[in-house]
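A.B. asks: Sequence:
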Amino acid sequence: MKRIVIFLLFILFSAVVVSASPASVKIGNATITVGEHVNIPITIDADEEISCATIVVTYDGDIVRVVSVSGSDFDRLVCNNTHERTKIVAFQTGEEGLKEGVVANLYVEAKNEGYSPLNLKIETLKDNEGKKVPATALNGFISVSSPTASPAPSASPTSTSSPSDTDTTPTPSPSPTSPSPTPTSLPSPSPSTSPATTPVLSPSPALTSAFSSPTSSPTLSPPSLSPSLESREIIIIQIENMTIEEGEYAEVPILITGDGVKYANLTLFVPSIVEVEEVYAGDYENFSYDISNGRIEMVAYTNKHLKGTVKLAKIKIKAIGKANTAGELRLEVNEIRNGTQITIRNGQILIKERKKEELTLVSLIAIMIMIITIILLMMLWRKKSIKKGEK
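If you count by the numbering used here, then the sequence shown holds residues 638 to 1028, one letter each, in order.
Keep in mind that the hints were calculated from the coordinates and are not lab data. Note that the structure is predicted; figures quoted are calculated from it, not measured. None of the hints are false.
Restricting the straight-line Cα-Cα distance to at most 27 angstroms, the calculated cross-link-like pairs of lysine-lysine (BS3-like) are:
id : residue 1 : residue 2
1  : K899      : K941
2  : K955      : K992
3  : K736      : K769
4  : K948      : K763
5  : K768      : K758
6  : K941      : K953
Pairwise CB distance ranges, derived in the manner of DEER restraints:
id : residue 1 : residue 2 : range
7  : N930      : S780      : 52 to 60 angstroms
8  : G945      : Y917      : 15 to 23 angstroms
9  : S780      : R974      : 37 to 45 angstroms
10 : E934      : D684      : 41 to 49 angstroms
11 : I1004     : S929      : 45 to 53 angstroms
12 : L998      : N930      : 44 to 52 angstroms
By construction, the Cβ of each residue, glycine as well, lies at the ideal position given by its N, Cα and C atoms.
Start from the sequences, fold in the hints, and give me the full structure.
C.D. replies: See below:
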């Protein structure tokens, strides 16, 4: 019986050890030149099936820019691309998840020469049952070098300087020698006179201006600054995507990215597959809302200077629709201040089928402990019965 107990304990220990192995999310590296584009994959490797992954990539916006996100092995892919930050949400619509594959491909453009890290942050990683999976993030980098075509302008001044050599040759020739060849060739008398010296002086400033234009080649840097300035003027209003099981609840945040947005009046249109339970205030001091006919009108105001990405509100909803149905969480701006350009990013909501409750690791351990306890009690009872029989 002792051997049986030891064997059962070994099974429990091995089950705990196997379940403790974390998953890994990795982003690739790249080396390109200014103006080029490259695809950088984000991959996942896990021992169990992953049904949903939310990953944030941060980088140096002065060096590179993420143009688009695509090419996922998951069924659905949604991204939120802002300056120096790209948020990716990938999930499965079916019952089976992925153990390994590509979460997304980042299509990156090199803006300026330099080095930029590609840092990963795993916000959520869930299995088929909706439980969080421990994972480690493996960061990457991108190195941008100056294009090889940049030295080409330096070669052009050398070619333009060749006329200076031809111009210097007439200068040492004195005027008395020039009349001798004039009778042989009629065209030569015209440049042989003093006007020949005047063209020599006139190209020289032309050469200096031509030479100064290549030196102004670093004017590539100001265009790189203009996108960053424009991105600060743009206000991005977005609502995150969400996947909910039938009959379950979820909280959906409404985010605003901008520089000092003090007043906002928005309307959120909610699909019929969900029901609004409650609306909570975000980072704004003053907040009010009104719910009517599947729409929520929200007004937020603050005296503080809010920078970066802030939360305007948080909506608690309940999935009342059938499984495998989807709808749009659509935002509409009624009025907003401190904004020159507004970008709205609506969200999607998907209702998944509620999965049957299965035995978890904790329940399995509890069952095994009960079995071991019963076996030990039976052993004690058997010993007592044997002693009574001997008496």
